[in-house]
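Q: Protein chains in written order, with my numbering: chain A, 1 to 139; chain B, 1 to 139; chain C, 1 to 139.
Be careful, since some hints might not be right.
List time: in silico DSSO-like cross-link candidates among lysine-lysine, alpha-carbon distance up to 30 Å [as the list claims (entries may be wrong)]:
1. K69(C) with K69(B)
2. K11(B) with K69(B)
3. K23(C) with K60(B)
4. K23(C) with K131(A)
5. K61(B) with K11(B)
6. K23(A) with K61(A)
7. K2(B) with K2(A)
8. K60(C) with K13(A)
9. K69(C) with K60(B)
Don't read these hints as lab results, they were simulated from the structure. Computed from a predicted structure; not experimentally measured.
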Amino acid sequence: MKVQTRYIHRKTKGICDIHDITKDVENEVATSGIINGTVTVFVPGSTAGITTVEFEPGLKKDLPELFEKLAPTGVTYHHDATWGDGNGFSHVRAALLGASLVVPFNNGTLLLGTWQQIVLIDFDNRARQRKVIAQIMGD
Amino acid sequence: MKVQTRYIHRKTKGICDIHDITKDVENEVATSGIINGTVTVFVPGSTAGITTVEFEPGLKKDLPELFEKLAPTGVTYHHDATWGDGNGFSHVRAALLGASLVVPFNNGTLLLGTWQQIVLIDFDNRARQRKVIAQIMGD
Amino acid sequence: MKVQTRYIHRKTKGICDIHDITKDVENEVATSGIINGTVTVFVPGSTAGITTVEFEPGLKKDLPELFEKLAPTGVTYHHDATWGDGNGFSHVRAALLGASLVVPFNNGTLLLGTWQQIVLIDFDNRARQRKVIAQIMGD
Chain A
1 MKVQTRYIHR
11 KTKGICDIHD
21 ITKDVENEVA
31 TSGIINGTVT
41 VFVPGSTAGI
51 TTVEFEPGLK
61 KDLPELFEKL
71 APTGVTYHHD
81 ATWGDGNGFS
91 HVRAALLGAS
101 LVVPFNNGTL
111 LLGTWQQIVL
121 IDFDNRARQR
131 KVIAQIMGD
Chain B
1 MKVQTRYIHR
11 KTKGICDIHD
21 ITKDVENEVA
31 TSGIINGTVT
41 VFVPGSTAGI
51 TTVEFEPGLK
61 KDLPELFEKL
71 APTGVTYHHD
81 ATWGDGNGFS
91 HVRAALLGAS
101 LVVPFNNGTL
111 LLGTWQQIVL
121 IDFDNRARQR
131 KVIAQIMGD
Chain C
1 MKVQTRYIHR
11 KTKGICDIHD
21 ITKDVENEVA
31 TSGIINGTVT
41 VFVPGSTAGI
51 TTVEFEPGLK
61 KDLPELFEKL
71 APTGVTYHHD
81 ATWGDGNGFS
91 HVRAALLGAS
101 LVVPFNNGTL
111 LLGTWQQIVL
121 IDFDNRARQR
131 KVIAQIMGD
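Generate coordinates for the entire structure from the input sequences, incorporating the hints supplied.
A: As structure tokens, then:
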């Protein structure tokens, strides 16, 4: 049984910028020397989240519209009063979506659905340089 | 330390169809030969999700009503323009809820609350045959 | 490769009461004898959830306001008809947020962002004594 910590880097634009990181995660698992197990995909930071979605142009518009409805920009959050950085909407969206996703793999292959991609969503209100963790465990 | 990959099969009806899969997960853990560890419950596919809830008739109506409010059917999603399959609402709901849940266990017993069940929620707009992964890891 | 099950106890007040349990999780990892791996933070019970957030006074108001908007108190849920305990809103909020979070660690240190705290959110409509599981796995 082994543990491998890998890093996936992405430049993001913020305001619900969605990045498909499936190939990155697949590559890290494939080169880890671990055959069966789980990969924990985790984003450090409190204004981004991880989930799965079919990564196609329609949903790349639908998901931002969903989050705009649930936690709109353009209104004042108490967080904005604390720091004055105006990204209260980013924080509550990230807390709602969650920072971790765990994907099982077998014979070196992620057990994802055919149309299911692993995505990083950056909710911040500015461009960021993100470092996503892929913690690979198994035997 | 061992890894076991198990599959749980369910026929679902879609449109927020909720299935209690707790006993299935318990059985897979009990027969895995692994005593202490975690089980990652993961649904392949981009129109279903996994969470926990008290599985009783009231909440089986409340949860669909919540998702109907958050991401309604009967409105047009950009995804529908892409594929014409009319299940944009299913995709955004699934991305919001998440595809993975990780439950710890001890002495072969899941550490769930008394009224807490593991559920598969199928958000698709049609009946599906789902295969849920239970990735069991531990010693 | 080892597994350690640890417990974190918290008295909560309910109605979206948010508790920073980061130091507790860090302490359990530090004293576990496990150097690299993951900690699964899981709350037993169906009226509480786990996520990460920047734990500061503004967001401690913003998150309850978000959940009040998504699944309000003061309306009737089908669950309330089942049990008469009036906490239908608590259950649907908990199911939406999720009961598990998995955080990777390296050299004994959680790979969290600088402003990212692990929080227990109690959605119940009364004070509770919560026992959160920290399932630590790795080598």
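Q: Enumerate the violated hints, using their earlier numbering and listing them in ascending order.
A: 3
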